[in-house]
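Please build the complex by placing chain D on the supplied structure of chain U, with the hints as guidance.
There are 2 protein chains.
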Amino acid sequence: MNTEEAIKKLNDLELKEFAYGHAMGILSYDDETVAPRGSRIPRGKTMGVLSELSYKLSTGDEARAVLDGLKEHYDELSPEDKRRADIREKNMRELRAIPVEEYVAYTELLNDASNVWREAKAKSDYKLFEPYLGKIIETQKRFAGLVAPDMDPYDYCLDRFEEGLTQDKCQEFFGALRGRIVPLLERIEASGPIEDGFLKTHFPVSAQRELAKKLMEIEGLPEENCILGEVEHPFTTAFSKHDVRITTHYYENNFLSSMYSVIHEGGHALYDMHSEDRFVFTSLEGGVSMGAHESQSRFYENIIGRSYEFVSFIYPEIIRLCPKLASRSARELWRAANVARPSLIRTEADELTYPLHIMVRYEMEKAMMKGEVDTSELPDMWNRLYKEYLGIDVPDDKNGILQDSHWSGGAVGYFPSYALGSAYGAQLLAKMREEVNVAETVKKGELKPVNDWLEEHIWRYGCLYKPAELMERAFGGPFDPKYYTDYLERKFTEVYGL
Amino acid sequence: MNTEEAIKKLNDLELKEFAYGHAMGILSYDDETVAPRGSRIPRGKTMGVLSELSYKLSTGDEARAVLDGLKEHYDELSPEDKRRADIREKNMRELRAIPVEEYVAYTELLNDASNVWREAKAKSDYKLFEPYLGKIIETQKRFAGLVAPDMDPYDYCLDRFEEGLTQDKCQEFFGALRGRIVPLLERIEASGPIEDGFLKTHFPVSAQRELAKKLMEIEGLPEENCILGEVEHPFTTAFSKHDVRITTHYYENNFLSSMYSVIHEGGHALYDMHSEDRFVFTSLEGGVSMGAHESQSRFYENIIGRSYEFVSFIYPEIIRLCPKLASRSARELWRAANVARPSLIRTEADELTYPLHIMVRYEMEKAMMKGEVDTSELPDMWNRLYKEYLGIDVPDDKNGILQDSHWSGGAVGYFPSYALGSAYGAQLLAKMREEVNVAETVKKGELKPVNDWLEEHIWRYGCLYKPAELMERAFGGPFDPKYYTDYLERKFTEVYGL
Numbered sequence: 047m048n049t050e051e052a053i054k055k056l057n058d059l060e061l062k063e064f065a066y067g068h069a070m071g072i073l074s075y076d077d078e079t080v081a082p083r084g085s086r087i088p089r090g091k092t093m094g095v096l097s098e099l100s101y102k103l104s105t106g107d108e109a110r111a112v113l114d115g116l117k118e119h120y121d122e123l124s125p126e127d128k129r130r131a132d133i134r135e136k137n138m139r140e141l142r143a144i145p146v147e148e149y150v151a152y153t154e155l156l157n158d159a160s161n162v163w164r165e166a167k168a169k170s171d172y173k174l175f176e177p178y179l180g181k182i183i184e185t186q187k188r189f190a191g192l193v194a195p196d197m198d199p200y201d202y203c204l205d206r207f208e209e210g211l212t213q214d215k216c217q218e219f220f221g222a223l224r225g226r227i228v229p230l231l232e233r234i235e236a237s238g239p240i241e242d243g244f245l246k247t248h249f250p251v252s253a254q255r256e257l258a259k260k261l262m263e264i265e266g267l268p269e270e271n272c273i274l275g276e277v278e279h280p281f282t283t284a285f286s287k288h289d290v291r292i293t294t295h296y297y298e299n300n301f302l303s304s305m306y307s308v309i310h311e312g313g314h315a316l317y318d319m320h321s322e323d324r325f326v327f328t329s330l331e332g333g334v335s336m337g338a339h340e341s342q343s344r345f346y347e348n349i350i351g352r353s354y355e356f357v358s359f360i361y362p363e364i365i366r367l368c369p370k371l372a373s374r375s376a377r378e379l380w381r382a383a384n385v386a387r388p389s390l391i392r393t394e395a396d397e398l399t400y401p402l403h404i405m406v407r408y409e410m411e412k413a414m415m416k417g418e419v420d421t422s423e424l425p426d427m428w429n430r431l432y433k434e435y436l437g438i439d440v441p442d443d444k445n446g447i448l449q450d451s452h453w454s455g456g457a458v459g460y461f462p463s464y465a466l467g468s469a470y471g472a473q474l475l476a477k478m479r480e481e482v483n484v485a486e487t488v489k490k491g492e493l494k495p496v497n498d499w500l501e502e503h504i505w506r507y508g509c510l511y512k513p514a515e516l517m518e519r520a521f522g523g524p525f526d527p528k529y530y531t532d533y534l535e536r537k538f539t540e541v542y543g544l
Numbered sequence: 047m048n049t050e051e052a053i054k055k056l057n058d059l060e061l062k063e064f065a066y067g068h069a070m071g072i073l074s075y076d077d078e079t080v081a082p083r084g085s086r087i088p089r090g091k092t093m094g095v096l097s098e099l100s101y102k103l104s105t106g107d108e109a110r111a112v113l114d115g116l117k118e119h120y121d122e123l124s125p126e127d128k129r130r131a132d133i134r135e136k137n138m139r140e141l142r143a144i145p146v147e148e149y150v151a152y153t154e155l156l157n158d159a160s161n162v163w164r165e166a167k168a169k170s171d172y173k174l175f176e177p178y179l180g181k182i183i184e185t186q187k188r189f190a191g192l193v194a195p196d197m198d199p200y201d202y203c204l205d206r207f208e209e210g211l212t213q214d215k216c217q218e219f220f221g222a223l224r225g226r227i228v229p230l231l232e233r234i235e236a237s238g239p240i241e242d243g244f245l246k247t248h249f250p251v252s253a254q255r256e257l258a259k260k261l262m263e264i265e266g267l268p269e270e271n272c273i274l275g276e277v278e279h280p281f282t283t284a285f286s287k288h289d290v291r292i293t294t295h296y297y298e299n300n301f302l303s304s305m306y307s308v309i310h311e312g313g314h315a316l317y318d319m320h321s322e323d324r325f326v327f328t329s330l331e332g333g334v335s336m337g338a339h340e341s342q343s344r345f346y347e348n349i350i351g352r353s354y355e356f357v358s359f360i361y362p363e364i365i366r367l368c369p370k371l372a373s374r375s376a377r378e379l380w381r382a383a384n385v386a387r388p389s390l391i392r393t394e395a396d397e398l399t400y401p402l403h404i405m406v407r408y409e410m411e412k413a414m415m416k417g418e419v420d421t422s423e424l425p426d427m428w429n430r431l432y433k434e435y436l437g438i439d440v441p442d443d444k445n446g447i448l449q450d451s452h453w454s455g456g457a458v459g460y461f462p463s464y465a466l467g468s469a470y471g472a473q474l475l476a477k478m479r480e481e482v483n484v485a486e487t488v489k490k491g492e493l494k495p496v497n498d499w500l501e502e503h504i505w506r507y508g509c510l511y512k513p514a515e516l517m518e519r520a521f522g523g524p525f526d527p528k529y530y531t532d533y534l535e536r537k538f539t540e541v542y543g544l
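Those protein sequences? They're chains U and D, same order as listed.
Position one of the first sequence corresponds to residue 47 (my numbering), numbered consecutively onward.
Position one of the second sequence corresponds to residue 47 (my numbering), numbered consecutively onward.
One or more of the hints may lead you astray.
Identical chains share a label here; the pair holds if one copy fits it or two copies do between them.
Straight-line C-alpha distance at most 30 Å; calculated DSS-like pairs for lysine-lysine [to be verified]:
no., residue 1, residue 2
1, K259, K370
2, K259, K169
3, K91, K102
4, K169, K260
5, K490, K416
6, K128, K91
7, K215, K494
8, K55, K102
Everything labelled a hint here was simulated from the structure, so no lab data went into it.
So that you can see chain U by itself, here it is in the shape it has in the complex (with noise of 0.2 Å):
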């Protein structure tokens, strides 16, 4: 096989590979939307009968021939197709050390276990969800000792979704955020509290729905490639850069949910619609690692939108969609949103109190892996935590260890990416304010330079560069949590008049 032939048979490869992956694709997103209840039936064969086949293209002779093809005239590829040979190799390496039928299996497991979380969470009943958790948590102790035998189980973990983190540089981020987190807090709840009652202002959700579709204007995203779903706990999914779902939910009384959660997934959809046109249907399309995914979408969220310039724009229309908000200014809202206070749902927590849940659920999952607990000690484990952590009372399950739908989908060690990603959007933030003022265009609700900027340093990228390599290429130089830290310090000190 001469280059051309290996890069042609490449191109056809991941063309399967995306057209598989697209097809299991759509049937999650299905699930999670509209299909009824019953469909897990028919979903859980053909999920099987595709990851099986998925399983056997990316690990086939066909698939060796072309990574064999690729290695022999690496020194001739291009860095692009460099990068999709080591990504080839990495991921065979992984799918071949996992017999295809506990691979199988593990895909069903995942389908019954997502079932009974969302029935667990609706009762409230742990014990329930129990069993499959154990099942998960032994499956990928298993898959990490077969992959990686070398390598600490929960770095394994660690590094799927952020290629090169490990538990030392947890411990070291998560401990320079404490620090300066836990100090701030007090600070906090030492001041006088802010007024937010007023956010739960009755807001009909058809009116939600408008803002929604504003937002998105505002953000950049066109109809013709995003659209916005229900569901009850928002998520986006990418089926290559032209058709991206954003996802979410409207509470009546509370419309910041909703508001958030639409600028918060249009990030990663801002992300995964401007890889470059040639990464298209290959293994280079889309963002690289979690960790770069919230970045962007914790950029958007909170850095753009929970801005005293971006809220101050967005006023007049909150007002006009629900007049009854008119009692407030600008400034009492932003404060409002802004504020920082312990609670029990991460998904609702402040910008500031946010890392804290991340932390519970990183030493569960560390304590998880190396089997430090038992699945029926993992309620009162993470309502010490809360306790310990954020100091509040945990009062049943629903709010508590079920709340997450990450660990019923087999996502163990995803969640230390959200804190790092809100770390390097902070670090990204600086830079870009090198050479975009940040603060007058987000005044006027003109995102583009900000999205120009972000697509030239990050998104056109694709998974061209490995997550932390990609970052210092933006950032010119290394990642520092300080940029975080200072952010934080600065933004909360102003919210609280500190």
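Okay, now just chain D, sitting in the frame of chain U:
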């Protein structure tokens, strides 16, 4: 391969076929219901990959070995497995007779033809669509010649949608219908018209949604396995008995349109939801033919849904949801819902004139497939037949030859099954009445005895029997269109008080 091995391999093969069909079906459903326009680019790629995979699976060496194994042990097979072997042999013969490149070219032709048909209909310009229709007909003739060289090409088309149906049978059936419907229609036209202008009363979409939900409950469609989507042209799609999707379209000035659409699609759904469990994920699951399917959907829509008993049962709910209609009685509503009046559009036609619309299309298809008419003359032929059969003038192509999507999708030979299904339904009713007091139970809104009867005699069999055999078993004798014409005469005599 022994019998047991052959059956095991057959099960594996059919499960895979199910899975590919399911994945492609979900992609289409997503397209029809929610997908953004840009999705056509990735969907085109994925459909291409999956349809090639599906073709190879069903015609490849493995499938051939399974079929050989089954044929070798044919006498030892159960009746169910004999039928599966027969269906497989027939399908494989069809697929293998057509060269793959012609099959792919035809798929592409249909894709283009659908887009052009949509544009031609919007512009009411048949000339745009003419070359595509010409090519479709030529391809149908060529495929018929390849697959079934000894058969009349149009008989081959009919048989594809209704196994065993021929032009001879159609001729006899349609002759019997015309002989009774035309004089009945003349008597109706001579009598005074029924007032139905009040059906245009504004009925809010939200209230229509509530009505639809109620109708699904009454019809016996549990949320667990059946959801209602919103689309431009209503359809039903089933992903096994566990997951069936019906769809509707709401018009605020025509609530009956959605009401009967829901009941009609619900009939398809009931059939799809009640194959015996042992048939699930095999080629025996689901409805056996379009005629059998329409016999169920049109039974629920017309025979049940437009009966006086049903209308008077649902009347209080209609009044509750749209109080403006309270000035009319249940009887007035029932008569208005059954106005018989020649019209231009098949999908909006009443129960009595509907078969005449079908006969026009049957005559057209027959002439096209026999090459008796040039594509340039087709609109004239259409308009002449509408004048002859329905006594009305067709003003333009949009309301004439371009109204239906079937031909642009390659569905030549499908239309007769609509009329045949209606006739099957009437004969099923006659038989059912020997055991069930249909009028009494429908009057109380209790459809369970009706559903149970149909489940026992039709639904549970899936594709086990050929359609004519299935019906004859249920009828306890041969098919006779007299049941249908008698039913129509009795009903419309009462509606019009003739």
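Hints, verified against the model:
1. With identical chains, the CA atoms of K259 and K370 are at most 30 Å apart within one copy only, with a shortest distance of 21 Å there and 34 Å across copies.
2. For the identical chains of this complex, K259 and K169 are inter-copy neighbours only, at 25 Å across copies versus 33 Å inside a copy, given an alpha-carbon limit of 30 Å.
3. In this assembly of identical chains, the alpha carbons of K91 and K102 lie at most 30 Å apart whether taken from the same copy (17 Å) or from different copies (20 Å).
4. In the homo-oligomer, the alpha carbons of K169 and K260 lie at most 30 Å apart only across protomers (27 Å), although the nearest pairing inside one protomer, at 36 Å, exceeds that limit.
5. Taking the shortest alpha-carbon separations for K490 and K416, neither the intra-copy value of 50 Å nor the inter-copy value of 63 Å comes in at or below 30 Å.
6. Taking the closest pair of Cα atoms, K128 and K91 come within 30 Å of each other only across two copies (25 Å); inside a single copy the shortest separation is 36 Å, beyond that limit.
7. With identical chains, the CA atoms of K215 and K494 are never at most 30 Å apart, being 34 Å at best within one copy and 64 Å at best between copies.
8. For a Cα distance limit of 30 Å, the shortest separation of K55 from K102 qualifies both inside one copy, at 16 Å, and across copies, at 19 Å.
When the structure is compared with the earlier hints, violations turn up for hints 5, 7 and for no others.
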